[in-house]
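Participant: Listed below, chain by chain, are the residues.
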Amino acid sequence: MQVFKRILKEIEKQKALAAILLMLFMMLFFDTRFYTAYNLLDMLNSAAILEMLAFGVTLVIICGGVDFSIGAMMSLSGIITIKLMDYMPLWAAILAAIACGALVGFVNGFFVVQQKTEPFIITLGMGMLLKGIAQQITDAHPVPAKNLAFMKIANSRLIAGIPNLIVIMIVMLIIFYCILRFTSFGRNCYAIGGDYNVASQSGIKAVKIKWATFVICGAMAAFCGVLLSSKLNTGSSIYGDATALSVNCGCVVGGTSFAGGIGGIPQSFIGLLAIQLLENCMNMLGISAYIQQVCEGIIILLILWVDNYAQKRKSEAV
Amino acid sequence: MNTKERVKTFLQENLVLMTIVILVVATALIEPKFLTVANLGNLMNQFGPLSFVALGMTITIIGGYIDLSVAGIVSLSAVFTISMVDVLGQTGALLAGLAAGALMGLLNALVVVSCGALTQAKALFMTYALSAVYSAAALLYTDGATQHMSHLTSPTTLFKGIGSGKAGFIPVSFLLFFVIMFVLHLFLTRTQTGREVQLTGANITATDMVGVPVKKRVALVYVLSGVLSAFGAIVLFSRITTASPLLGANYETNAILAVVVGGTSLAGGRGSVIRTMLGVMLVTLLSNCLNLLGISTYIQSVCKGIILIIAIWIDRRRTK
Chain A
16 MQVFKRILKE IEKQKALAAI LLMLFMMLFF DTRFYTAYNL LDMLNSAAIL
66 EMLAFGVTLV IICGGVDFSI GAMMSLSGII TIKLMDYMPL WAAILAAIAC
116 GALVGFVNGF FVVQQKTEPF IITLGMGMLL KGIAQQITDA HPVPAKNLAF
166 MKIANSRLIA GIPNLIVIMI VMLIIFYCIL RFTSFGRNCY AIGGDYNVAS
216 QSGIKAVKIK WATFVICGAM AAFCGVLLSS KLNTGSSIYG DATALSVNCG
266 CVVGGTSFAG GIGGIPQSFI GLLAIQLLEN CMNMLGISAY IQQVCEGIII
316 LLILWVDNYA QKRKSEAV
Chain B
13 MNTKERVKTF LQENLVLMTI VILVVATALI EPKFLTVANL GNLMNQFGPL
63 SFVALGMTIT IIGGYIDLSV AGIVSLSAVF TISMVDVLGQ TGALLAGLAA
113 GALMGLLNAL VVVSCGALTQ AKALFMTYAL SAVYSAAALL YTDGATQHMS
163 HLTSPTTLFK GIGSGKAGFI PVSFLLFFVI MFVLHLFLTR TQTGREVQLT
213 GANITATDMV GVPVKKRVAL VYVLSGVLSA FGAIVLFSRI TTASPLLGAN
263 YETNAILAVV VGGTSLAGGR GSVIRTMLGV MLVTLLSNCL NLLGISTYIQ
313 SVCKGIILII AIWIDRRRTK
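One line per chain: the protein sequences are A and B, in this order.
When the letters of the first sequence are read in order and numbered with the working numbering, they come out as residues 16 to 333.
When the letters of the second sequence are read in order and numbered with the working numbering, they come out as residues 13 to 332.
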């Protein structure tokens, strides 16, 4: 029993890393194209956008919130960029889309932080609203982009043959890591997530900081939407349908807890990488899409279960 | 209490009813077709599926939890029931569908209780993930194909009766809804178990200490929600005679919308199924009015999102 408990504890701490190693090990025994530079680079390239979404969401989760409107925001911002491109220069269109994302984050923050409502349902409602807007703008059809420069943002390789998306992701990873690790804003996020009341009574501007995390998350979602549309050269209202659940849960897979105050950017990065790797492995093994969905659902459920169970034990220990 | 305060409390208590009256009068003035017998029958018909799901959601919310898996339950139980008609006969299939709903509800309760998710916020995630599992299972079960009632060889008179039968000019599904709502209302207000469910919602720790088997009450709440969602699914596919594995999409947000708009507090322990009926009425009326006024479904979903956010906001301000 003692041994079992210790093993459980270790896996709990490093569950995502353990899962990644296990998958990499397992793939050695199958004769697939998994271990080719092309596949691994391509996987990282397609993971990049979800990873960047996760960086914004991590800030929110560490502050004890959650944002389920990111999927719809992502698809909407791509559509906004493509629609605005005809009327203004490209950079202005992209900035406008990101500003929209920040605005949506601001509204989310108003309801969730300032008015203290349940973040899950408010952002779910916000997602419904944004998707409605996206469908109305496009009449639920995909809209193609006509500007070649726009497509090049995500699809070219400017530095040493590495796809741009991966470069952007690494830059963002470093920026967000530094924000959380070395600035007072980042450290205060942990304090707020750990205990909201204690933090605000010790003089931290809890409302403002938590509100700011929602704004950053919204802007980040919009930025990712621009990149996604650039990568696919189209905007569509259906892009973000399943994104919110997998990104939010991907953060938890890595060890960022919904309890707030626990985790960080590297953890979320590893967590999402694990989910992407799982998807890639299943694709390589030729497992049908529906079975993949079931597996993903069950795995997410298991992870949430373990996360909750750990929280329960933590509160019992106190 | 002076007049101003009295008016204010009256408005706060009966906000939904007032909105319904305003909506009816405004639409009737703009579009005379609204008050025809055909449209009113149509309106009662539209009441159907969502009203059953919302009843289940009300009970979970009063019990202090929430069930986001209803979307998955609706999809899976619908395709399951249709596929069972040729195997078990129509009555058997109906019962099997309801049993499947109950089973999924039980699974929800097991998952939520076993990891010690004692708050609504935690149950939200768990049931949302469960919804993804059920929806994927529905896709897997049908291989993504839509199930058609017309392709069945066995008789489906029972389902046709539930879906589109009428007693006088009142649809059968509406009558069924009324009966179930009445029974649930009596259950919540007049029986000991029902009272215990309300207490669990108000303060689970205190209720546990008094000696109420709270885990059993939570399980009961989820099973009821599962069964009612499955019934909603049956009403839905009986009317449209097909069941796609994506049938239940968005049902969770619509049901929460109806419950919260009706005035049942998300904080738990307070509210009633009768209020939910008003909420469902408002939501159905709203889409009926917007349809009659020729407004696109996309804008309707924007409106619903806005109303959901505002309703939760008002609920929060009221309980604060």
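Derived by calculation from the structure, the hints in this document are not laboratory data.
Hints may contain errors.
The calculated DMTMM-like cross-link candidates involving lysine to aspartate or glutamate, where the alpha carbons are at most 20 Å apart (straight line), are [said to hold, decoys possible]: (1) A:K327 with B:D220; (2) A:K131 with A:D210; (3) A:K246 with A:D101; (4) A:K131 with B:D327; (5) A:K223 with A:E133; (6) B:K20 with B:E43.
Take a look, some chain A residues computed to stay more than 10 Å from chain B by CB distance [as the list claims (entries may be wrong)]: (7) Q29; (8) A52; (9) M58; (10) L59; (11) L105; (12) L188; (13) Q326.
If you want the footprint, here are the derived chain B segments under chain A, 3+ residues with CB under 8 Å [claimed, not checked]: (14) 137–148; (15) 151–165; (16) 194–204; (17) 318–325.
What you are looking at is a predicted structure, and each value in this text was computed from that prediction instead of being measured.
Glycine included, each C-beta is placed from N, C-alpha and C at the ideal position.
Participant: Run every hint past the structure and note whether it holds.
Facilitator: For each hint, the structure was consulted:
For the hint pairing K327 (chain A) with D220 (chain B), the CA-to-CA distance comes to about 16 Å; that is within 20 Å, so the pair holds. Only pairs whose Cα atoms come within 20 Å are accepted, and K131 (chain A) paired with D210 (chain A) is accepted, the gap being roughly 15 Å. Simply put, K246 (chain A) and D101 (chain A) have alpha-carbon atoms about 18 Å apart, close enough for the 20 Å limit, and the pair holds. Proximity of K131 (chain A) to D327 (chain B) is assessed by CA-CA distance (about 11 Å); at most 20 Å being required, the pair is judged to hold.
A threshold of 20 Å between alpha carbons decides the hint, and for K223 (chain A) with E133 (chain A) the separation of about 17 Å falls inside it, so the pair holds. The hinted pair formed by K20 (chain B) and E43 (chain B) fails the criterion: a straight-line CA distance of about 31 Å is larger than 20 Å. No beta-carbon of chain B is positioned within 10 Å of the beta-carbon of Q29 (chain A); the least distance is around 20 Å. At roughly 32 Å, the least C-beta separation between A52 (chain A) and chain B is larger than 10 Å, which holds for a residue marked as non-interface.
With 10 Å as the threshold on Cβ separation, the claim that M58 (chain A) sits away from chain B holds: the shortest Cβ distance comes to roughly 22 Å. Interface exclusion of L59 (chain A) from chain B stands, the closest Cβ pair being 25 Å apart, more than 10 Å. With a least CB separation of 27 Å from chain B, L105 (chain A) remains clear of the 10 Å interface cut-off, as annotated. L188 (chain A), annotated as away from the interface, keeps every beta carbon of chain B farther than 10 Å; the closest lies near 26 Å.
With a least CB separation of 8 Å from chain B, Q326 (chain A) falls inside the 10 Å interface cut-off, contrary to its annotation. Only when three residues or more bring their CB closer than 8 Å to a CB of chain A does the claim for the stretch 137–148 of chain B stand; here the count is 9, and the claim holds. Against chain A, the stretch 151–165 of chain B contributes 4 residues with a C-beta closer than 8 Å to a partner C-beta. That satisfies the three-residue criterion, and the hint holds. Against chain A, the stretch 194–204 of chain B contributes 0 residues with a C-beta closer than 8 Å to a partner C-beta. That does not satisfy the three-residue criterion, and the hint is violated.
Given as covered by chain A, the stretch 318–325 of chain B passes the check, having 5 residues with a CB less than 8 Å from a CB of that chain where 3 are the minimum.
Hint violations for this structure: numbers 6, 13, 16, all remaining hints satisfied.
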